[in-house]
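Asker: Single-letter residue listing:
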Amino acid sequence: MTSVIAATAIGYTYPGGRTALAGLDLRLEPGEALGVIGPNGSGKSTLLRLLAGSELPTTGRIAGSTDRRSTAVVFDRTPFASSLSGRENVRRQLALRGIPAGPAAASADALLRDLGLADRSQDAAAIYSTGMARRLALAEALAAEARLLILDEPTLGLDVEGRSSLVHLVRGVVAGGRSVVLASNEPGFVAEACDRVLLLHRGRCVAEGTPPELIDRLGRPVLIDVQLRGPVPDSSGDEPPAAVQRLAAEGGTLRFATSEGSAVLPGLCEWLVGRGLDVRAIRIHEPDLGHVFETLTGVALDPNRTRGGLS
Amino acid sequence: MRGVVWRLRWRLAVSRRRLLLWNLLVPIVLLLPVARSPAAAPHRAAVLGVFIVFFGAFGGCIPLVRDRARGWSEKVLLTGYGSRTWIIERTGAEAGIDFVELLPALLLVALGTGAGVGHWWAWLPAVAQSLIVANLLGALIAAVVVSIAEAALVCGAVALFALHFSGLFRSAAPGTWAWSLERAGLFRPLAESLRSGLSVPTTGGYETTSWPLPLLASAAVGLLVLLVAPRLARRTARDD
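Those sequence lines, one after another, are chains A and W.
Residue numbering for the first sequence follows the numbering used here, beginning at 1 and increasing consecutively.
Residue numbering for the second sequence follows the numbering used here, beginning at 1 and increasing consecutively.
Because the hints were derived from the structure by calculation, they are not lab data.
Don't take every hint at face value.
Claimed, not checked - Which stretches of chain W does chain A cover? Using the computed rule of at least three CB atoms under 8 Å from a CB of chain A, they are:
id, region
1, 139-150
2, 212-218
Said to hold, decoys possible - Selected chain W positions facing chain A (Cβ under 10 Å, derived; list incomplete):
id, residue
3, 2
4, 4
5, 28
Unchecked claim - Far from chain A, by Cβ distances over 12 Å, these chain W residues were calculated:
id, residue
6, 19
7, 51
8, 226
Keep in mind that this is a model prediction, so the values were computed, not measured.
The beta-carbon is built from N, C-alpha and C at its ideal position, and this holds for glycine as well.
In isolation and in its complexed conformation, chain W is listed as follows (with noise of 0.2 Å):
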């Protein structure tokens, strides 16, 4: 690892202070308010589980699409920079600057719902292993689209389903297959910490926090996105 490319990515993001005020007022423009409103907490809890999946899947996504179309990623391959190291260094780095841009909200909410600085503090892990996932997930699906429209759409239906087999947004009875599903769900801890610390009642899947299981999917697609790095680059040939 070499960290040019993450270093580079954390420059970018600062050195665009626009887009990072707004990617920092916007969570908690969002959240705060439905945090804090009377509806349910299984439903308040699915919102935010939404919209943090969404942040990473899309943020990982969408720049990615960007980026090969423009030749950016091209560029930064053809310096002899690897295409794996690449991959690693721009998706860490992109899951670590939403995870500071989420903060100053999760911590509003935490606050504001009265769950406190404590849930907080049990958030973090959780909401870190999700933007990464999620950042992953993203890249995955850079291989595949080919335009911001269709990156958007793969990856709103994906980033859903994945939330759905976490069991965010009902409890499957336990000892059923949607049950075993959902305690290797990748988003299993973000699920479970926003439920609780939401105040949702337990069921018996949300009774202890299982972290290996979805630990071990998300590697998975960590490795996915390794063997699929060096398309991720690759501009479309074209006419001179």
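Looking at chain A on its own, in the form it has when it is part of the complex (with noise of 0.2 Å):
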């Protein structure tokens, strides 16, 4: 089977000699949703601008299809022609891929219905909503139906609702045997809407897999928080019970890791009991790509989420 992309020791420089992008591999193969992790600064949207053809890497090279006609490209801030309605600038892109009015204005209207722009899609693209503008654009790539689709941060400002039906068209290309090479830092979306995963960190590789593969190098460890009313006792610095490790206390939460899952709970409650801490809550959280990649780097996804998983 032919690769859609197959990159070999690719690499980029900024003019000012900043290295973006450094010796990475990568292959995409048709039917294939590939997700790029990783924080900002990382390489992800430079590798997806080599990847368009829109940059050319310094080093290395980029063998497959990089012809314009069969790649649509949500980028991460798209324009769009502000005094024309969403439906037109759907239609006018078409027309700009040289894709015939007819059955391809129809895709568009079932793809802007999709996307929850149906009621919308008469509007001036001026007044649309950073959500509304991101569900355009994705509206816009999606219609060209073509073979590779390259999109970077496409949940910008969707919401909820926006999200899954992402995940959901994407899923839906990639059983129509088409590929998606997308850019994000959210490892929960990723993970349900790719097959595979890049994690970049500093313009390299640091681990390439399926999500599961990825997880379960942390050996699937559930993390546990346990929120009390008031501050940490020195009583909880005892041992805790069996299969639990203790990690952190900080502020009025204490922090657990274990690898048996919520069996674990009845004796951590009656640990906490016996040693008289007022229990506020306890949450419990399955290890993501999030955690996956600072496990190996050290270094938070996204710097508002706290070390360790908690959120």
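Using the hints, put the two standalone chains together into the complex.
Answerer: Laid out in structure tokens, this is it:
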């Protein structure tokens, strides 16, 4: 099977000398969705720009389909013809691609409906909110029915419903035999939408695999937050029950990790009560790709997200 | 040529009604009083010429710089639209829109100065050629500047130089190198038609309208624009 993209040792250095990407190998097969995860400045957008053919790599080579007609791109900031309606923007974009009106227009209308823009498709794009503009950009890209879809931060500005629709749309594209590369800071979305994930840190790939494979590398620990009424007392420093590892005490919260899942909860509750701790809430966090990234690099994927996986 | 970009530019021009209205009114408000003023005819011709060329050059350059910065040009080219086809259609459409926007003002100037409809008709080819060249110059300038402020500054300077060497501001003595240069000036037909239309006494170089050399020079500018076309859409790479 011919790869849609086969990039070998690609790198990109800015004219000022800063290296954005170094020695990256990447393959994308037909009918596959690849997610690129990394914090701001890790080289995600640069990688997508290289794959879109918008920039040329300064080292290495990209083989396969970087033909513009067979690629549709949504960059993080997509401009529109703001005085035209959303619907007309999509139609003009299809015309630029040489796609005849008729059936393509009908499919564009269906996409606008799927993305929740049906009621507002006749409004000028100038008055669209950030989320609506994002949906419009996605509709333009999806309507092109390109062999390769490149999406940079596609969930930016989307609400829960929009995000869920996007997962559904990406899976639909992939099911149709087309390929998707997307970059995102949202590990949950990437895990749902993508078959394979590449973790990018400072322009280098730190890990690659399917989401379950990557999470399995952590031994699948479950993180447990115990929120107390008041500060953490000294008595909490005792050895925790079996199979539970005490990670940290911060403010009024005790943090534990276990690979036994929720089975340890009765024992842990007993331990907490035994020490007279007044528990306000217990939260259990399943590990995600964000934890994998933090474990491998020591850097939080999202600075607003507390290290150790607590949100 | 597919004409999609051409149609899109016209559609955008029509959809921005407020801007369209300003672009129709401003030339009338500025040009008519100047043309009817008691100022010396060469001065009036110079003001009209400068306005027409600025109208084209600024209009050709600034939107291109803005569209490149916001990624619009890149978005169009990422659809697979050829960069040369894109710039030809875009520049052609912008020149056409400028021409339509200037027509009422020019007609009023012709009627208001007594030059008459005959002169108005004579101005049209020269104004059309000037707007195409000014838009092409604007596109060339857009390839080398990085901001709108820079674009405005360079457009103004280049347009004034080009007008000066087209003989709009003075008539060089026949036989001198400046006189030879003026005969090939990009805006020579405009300078000639305005000066004759506003009844400026002609000297050597203005006795006959010399189109071939200016057209050749205009074609050279057009070729340069085709060469820089891919650069015109490339957005500066940035960190993510």
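Asker: Now tell me if each hint is right for this structure.
Answerer: Hints, one by one, checked against the model:
1. With 0 residues having a Cβ less than 8 Å from any Cβ of chain A, the region 139-150 of chain W misses the three-residue criterion, and the hint is violated.
2. Counting residues of the region 212-218 of chain W whose CB lies closer than 8 Å to any CB of chain A gives 0, so the stated coverage by that chain is violated, three being the minimum.
3. The closest approach between the C-beta of residue 2/W and any C-beta of chain A is roughly 7 Å, which is under the 10 Å cut-off, so the hint is satisfied.
4. The criterion of a C-beta within 10 Å of any C-beta in chain A is met by residue 4/W, whose closest approach is roughly 5 Å, and the hint holds.
5. For residue 28/W, the interface hint is violated, since its Cβ never comes within 10 Å of a Cβ in chain A; the closest pair sits about 23 Å apart.
6. Residue 19/W, annotated as away from the interface, has a beta carbon of chain A within 12 Å; the closest lies near 9 Å.
7. With 12 Å as the threshold on Cβ separation, the claim that residue 51/W sits away from chain A holds: the shortest Cβ distance comes to roughly 26 Å.
8. Every CB of chain A lies more than 12 Å from the CB of residue 226/W, the least distance being 19 Å, so the non-interface label holds.
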